[in-house]
Every structure is written in structure tokens, then in C-alpha cells.
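*Asks:* Each chain, written out:
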Amino acid sequence: MAPDALTVVIDCEGDGVDELRTALTPEDKPQFIERRNLSGDVATWIVVATLAVQSISPLLTFLAQWRGLTRVKRIKIGDIEIENPSAEDLELLRARMRAAVP
Amino acid sequence: MTPDERAVVEEVLRAQLGRTARWRAYDRELDSPMNIVLAAAEAHLGTPFTVYWGEDGLPEIFCLQGFSTPVVAFSTRYVELWADVRGALTTDVLGPELAPRPIEQLALRLIAEFSLKENDPEFAASTMLRSSMAGEGVSFLPNSIASLEQEPIGTPYMACWFYGLAHELGHFVGSRADATASKGMSDDDVLAGVDSALDRSSLPASVVDEARTSARSNRRGYILAPDTLRDEVRADLFATSLLFETTVRIARMIADAPNEGDSERRFNIVAFMSEMALSLNIIAMLERCRRTARHACEPVPKREHAIETLLHPVAVGTRLTFVRWYLEVAAVQYVFGDHPTQQQRQQVSQALDEVMENLHPAIEAAEKGLAAAMTVSLDRERRGSFLDVLEQWRSAHATEKVDAVDVIAIEQFCALAASLGKSSQVFDSMRDAAKHPSTPLEMRVSGTAYSCPWVVGPDGFSRPFGLDTKHGHLIFIFTHDSAIYQPFCESSAELLKEGYSIASTALIANSERELRDAIARHVRTGKEFRLVIEGSEDFTMLIEELAADTIWE
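Those protein sequence lines, which keep their order, are chains A and B.
With the working numbering as the guide, the letters of the first sequence map in order to residues 1 to 102.
With the working numbering as the guide, the letters of the second sequence map in order to residues 1001 to 1553.
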């Protein structure tokens, strides 16, 4: 049986996270994790949220149309993982997920 | 931390360190030098944190804030690489002529390993093979975590194992951002450090001018912005002071223990100052290799990434200015107490000058070796294909057995690639070649096959053939069974300068984007081009224009 909710993990560069915050609601239980290392680069962000399956399609649409998409280095939804996703990748994923939702 | 939160932490670590990396929360009950460092850090920070010890993954040390307690990921692979770089920088058995060679070899290995995180398996595999061919017979044996555990617990041990960890813990100080932590680190103080580091650099004047202006704008995230550097300086100062305190403490514990007498374990303030300066240079080298890997693998490199790669040594130079200031103050107090005379201060300052001076030849050799590795990695028009590099590697080993160290290094590299989920035929091929260098190469690939005319020329020049037309720079791609491919290659060859010729290259791609990225990685950075693929309307129209000679300006 398909799960009702899926964990979404998004790795995002720098200040892109500010706009990403607006795409998630408190019901998604988002966690914004700041990652720093020895390099001296600006912190990157890892956003972890639990989304109802029906909420994933709008999120993917937001990301596909977002001008900051190049700041997304990785997205993982359930077991599907895409590195450096393009708008087309996200549209394909959205279509696939919509088909999977009964 | 709740079980749910722990599950999220593990999900994040899996993504950052690799699927088959192993990690565990570090046992704080162990009687170990690490726990002495962690206890001292916790006392200073006044806040608990969790350290995850990671093995068999990417060389990464990083901190995560946003959980109920902050997390630091500590990778043993990073410690091994730190020791490798330190070994190359501190060797005294090679003269100035030979010293850059093993550093070039090591830098190529680091670039290859860091590039596994990117999406260009061909580059990663080729660079690993180039590393195996570099060095011209001079190379260092890589360190292993097991051997590093047996090293005497002195200043080099403490820095190698814990500088990165202590630096990351220092980022938890930054979040408090109180007045004391920022003392002596005003925007003007940081900018003075940036100016001084820029003055010492050999960067072109235009780059220096742009860097000064951008630093003063304090743009969020800019590598030389005071806000960015201040965070790193705080973390460096925390790391330096923490290691000072704990190295002295451990040295005293060892001195008090029976069977003491090992001079390597005694605390020496000059050796400590030297090690701290060396540590920042090790970070600089590791990070430049990481940035080179990122830049080399990006199909269209971002200008900001290129600038950051160029300016990273300046950022580290600025950080070193502050670490030096701290060392001077701390060393004076350690040696002469709370009320030193002016002469005593000068004595310590001179000792620090000598420390920096003594490091200079090693840094110079490192710069040469690193520059050679970066040139090879970043010159897209001389990169060649994976098959070219593999062929060179096989020729180099045709008459002799492959060194066992090389075979192990290649196997470990391929295992790391697998752990990161980077499956590619290139890794299988290089592993097969390392085991059986004389066996003919067999590659099994999946995807659509294309043919592309390739220009080859002197000094390893190798890039896709392109035409400058009124439609821009066009690169024609043909289906593998194209009837017009050969005639196109023959006519194209006539357009080339003497010394250059056309070779045929097969490309395998699963999408147009993949094909475009593969081509882009062999075209000079900044050069715009348009891909024209056989079967498209564009292709038919442009080939007709080419035949009618109306394609030109």
C-alpha cells in the first residue's frame, strides 16, 4: 500500500532557503538544518519535511518554476533521489507521482 | 535527541557521506584524546553536542545546526587526507626540484576523490589514473587511519585528528556572536587582514581590485566579506585555543605517566605555533582541490565558483593573520606569564616570523605541485576522454607489473564511488585494467550512441569540432550509423590548421542534456556553443546551409 506521507529532503545552497521556507507549511513539519564546513563557504541548508502525498505535486511545481532552482543541489522524495534537478526532471517526477496517487 | 530526530540526522548523514558509509554517535565514555578535546569544548561552549564518527565515506567534516542539539560529522577519511597533505608539506628528503612532484600526484588524487561527489564519473576516473601516472617515480605511501592511531600523541597528532573537529565546534561559538567573541574582529579589522593577504598574493591587479571592492560591500556569502570571514576566524581561534589547552594537558598527562621519555610527545610552543600555521595551509590545499573538482565537473562553471577558487587562498591568508595574532598573545602568556616585558613579546613575535619563514619553501613547492594538478584538471581542451587516459595508463604499465599500492588505491577509489551510488562503466574498466593491465579493454555501456568529430592537436589538445557561423558556434552531433558523418569529417579536416586533425569520438548519452553536458566539459569555459543533433529540424536546415555555403556571417 502506498504511504500517506513521504519524507522530502532538499539540499539547497546559501540564501535560496529563504524562498524555500515560503513553499512549506507548518503541517509539513519542516526542519531547516544549516550545514557548515572548513571551507569558509557560506552555509548550505538541508531542508527535511514530511509531506502528505497530495502536497508533493504543488511543491514540485513550485520548485520547477522557481528561479532559484539552480541552488537546489539534491532532492530526495521517498526513495527517489535527483542531483542538480532541472525543471524537466521535476515535471517528470511530478507526473510520475501523480500517476502513482490513487 | 528524539528517535525521530536521530532518524533525520542519519538520513542527512547518509546523503552527505555516502550510502555505505558507516557512522555512529561517538562514545563519550571512552578514555581517549578525542574525549579530552570534546569535554574541553563542551565546557567552553556551555552547550551539549553530538559527534558522529564516520568511516568509509566521503572526506567530510561538517557541522549541522537546527536539531535540538548541534551535530558534528567527523570523517576518518578526512583525517587520512590531512595526514597525506601534511606528510607532503613537511618532508625534508626531497629538494626543491623534486618536492612539487609528489604534491602534484597527491593533489590529483584529492581532486579525483572530491569529484566523486559531482556528476562526472569520466573526469573522476581519468584524474585518478592521471594521479597514478604523475610523480615521475616520487610518491608517498598514503596514510591509513589504523597507522595514524599508532602515532605518538603530540602536536602533529592533535592537529591532524582534531583541528577540523575543533573548527566545526567553533561554529557553535559564532551563533552566540557576543561582544567578547567579536573583539578585534570589526569589519575594519577583517578588511585590513583581507588587504594584507591580497597584497601578498600574486593575483592579477584587476582581480585584486574587484576583490577589495566586493569585500567592502560585505555581500552575504561572499568569500572575502567580513561577515563570512568573521565566522571562520572565530572557529579557527576556537580550534587553536582548544588545541593549545588540550595538547598541553595531554602532554602533561603523558609526562606524569610511567615510561615517559618520548620527546615527540612533549609540548613545544614553537612546534605548536608551526603546526597551527601548517594546519591552515593544509585546509587551503584540501579546499582548493575540492573547489577544483567542482569547477572541473560543472558543465557550465559558475563565475562565482571560479572567483572563489581563485580567492580561497586569500581567505585562508586572512584567517592566518588572526590565528597568528592569537598565537602571539597565547604564547607570550604561556612562556612568560601574565606580565611579559616588551622584549619578551618581541622574542615571541620573532619566533613566529621564523615559523612562517620556515614554512615558506614547503608552501612554495605545494603551490607548484598544486598548480600543475589544477592546470591538468581545469584545461577542458586538453582533458581528453577517459579512454584516452586509460590507454596512456595501460601503455605506461605495459612492460611492468602495476604497483600494489596503485591497485589498492584504484580499488578503494572504485569502492568509494560505489558507496556514493556512482555506478559507471568507467570505474569497472579502471578496476579491471589495474588488475589485468594487458587484457584488452571491454566496455559495456547503455544509452544512445552518437558520433562527434573531435579536433586533436599538439600538447594534448582535444575538443569537439565546432564551426563559427552566423548562428553562433555550432557543434554537429551525428547518429552512430549516419551516412553523412564520414564526408562531414573529411571536409572538416580541410578547415584545420597544420598540426591538427580530426578524430572520431563516440558519445553515449541517455538524454540531450547529458549529451550537452558531456560536450560542454570539453569546451573552453565561457565559450558558448549550440549543439546540432542529427535527426532534428535544426540539423537538416543547418547542414543544407553548410552545403550551400550560406551558413557563414
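Accuracy of the hints is not assured; some may be wrong.
Claimed, not checked - Label pairs and their computed distance ranges (CB to CB):
no.	chain 1	residue 1	chain 2	residue 2	range
1	A	Q65	B	D1379	55 to 63 Å
2	B	P1440	A	D18	49 to 57 Å
3	B	D1388	A	T25	51 to 59 Å
Bear in mind the hints are in silico, worked out from the structure with no lab data behind them.
For glycine and all other residues, C-beta sits at the position ideal for the given N, C-alpha and C.
*Asks:* For which of the previously enumerated hints does the structure constitute a violation, in increasing order of number?
*Replies:* Hint check: 1 fails alone, others pass.
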